[in-house]
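So the chains spell out like this:
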Amino acid sequence: KAGVTQTPRYLIKTRGQQVTLSCSPISGHRSVSWYQQTPGQGLQFLFEYFSETQRNKGNFPGRFSGRQFSNSRSEMNVSTLELGDSALYLCASSLGSGAGNSPLHFGNGTRLTVT
Amino acid sequence: QQQVKQSPQSLIVQKGGISIINCAYENTAFDYFPWYQQFPGKGPALLIAIRPDVSEKKEGRFTISFNKSAKQFSLHIMDSQPGDSATYFCAASGAGSYQLTFGKGTKLSVIP
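One line per chain: the protein sequences are U and H, in this order. Under my numbering, think of the first position of the first sequence as 1, with each following residue one higher. Under my numbering, think of the first position of the second sequence as 1, with each following residue one higher.
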């Protein structure tokens, strides 16, 4: 079974630009969560989607948004990029009944660098 | 504030030794406590997890100890191997949620 696939692996953008990251979950998984990983703040929850609906959102500004398609694939978008948005963005998929019942499976991330 | 505090930041252990990483949480609503292992260039992978109705869970060389009254839990890696060298994260959430709160991570180096 293929794992969680994130594309692209690396991105370099300029301040003020916008970026879209893509995530393909494990087949059969209906929940997709996004996390930001930085050396200073560690792993922080961005949002979670289930059946095309955002179920939960972390404490990030509105510049961070996401969506999920009917095939469970997900995208996240960051508008008006800031230097502090440089991070590893991780996507994780699961069956959807909560981490205690169906654990998260993480992809290898997209490394975003903002210059 | 929903925090999970993890210590130590880094740990060096001899091959065959015991590695111990500790975490403390504040939110009593948390009822799911996983540990993740992350290698460079890879995403975190679930190692072992515990619910608060048990005080200990063992899977192979990995054991979680859980102290509900102290709001603390720890990961013990027995017979540590060089292949265990990675960054370990504790986390906590409600069992029905995917909003995990992570500790800041422990970089483990197991030297031959």
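Be aware that one or more of the hints could be misleading.
Estimated spans, in silico, between C-beta atoms of each pair [claimed, not checked]:
#1 U:Thr113 with H:Lys42: 36 to 42 Å
#2 U:Asn71 with H:Ile18: 44 to 50 Å
#3 U:Gln18 with H:Gln14: 46 to 52 Å
#4 H:Ile111 with U:Tyr10: 19 to 25 Å
#5 H:His76 with U:Thr80: 44 to 50 Å
#6 H:Gly60 with U:Ser51: 33 to 39 Å
#7 U:Ser70 with H:Lys42: 42 to 48 Å
#8 U:Gln18 with H:Ile111: 32 to 38 Å
No lab work stands behind these hints: they were computed from the structure. Each residue gets a CB set at the ideal place from its N, CA and C atoms; glycine is no exception.
Consistency of the hints with the structure:
With their beta carbons about 19 Å apart, Thr113 (chain U) and Lys42 (chain H) fall outside the hinted range of 36 to 42 Å. Between Asn71 (chain U) and Ile18 (chain H) the beta carbons are some 46 Å apart, a value that agrees with the proposed interval 44 to 50 Å. Checked against the given bound of 46 to 52 Å, the beta carbons of Gln18 (chain U) and Gln14 (chain H), roughly 49 Å apart, stay inside it. With their beta carbons about 31 Å apart, Ile111 (chain H) and Tyr10 (chain U) fall outside the hinted range of 19 to 25 Å.
Roughly 45 Å separates the CB atoms of His76 (chain H) and Thr80 (chain U), a value that falls within the hinted 44 to 50 Å. Judged by the Cβ atoms, the range 33 to 39 Å given for Gly60 (chain H) and Ser51 (chain U) holds: they are separated by roughly 36 Å. A C-beta distance of roughly 29 Å is found between Ser70 (chain U) and Lys42 (chain H), which places it outside the suggested range of 42 to 48 Å. Taken as a hint, the range 32 to 38 Å is violated for the pair Gln18 (chain U) and Ile111 (chain H), whose Cβ atoms sit roughly 45 Å apart.
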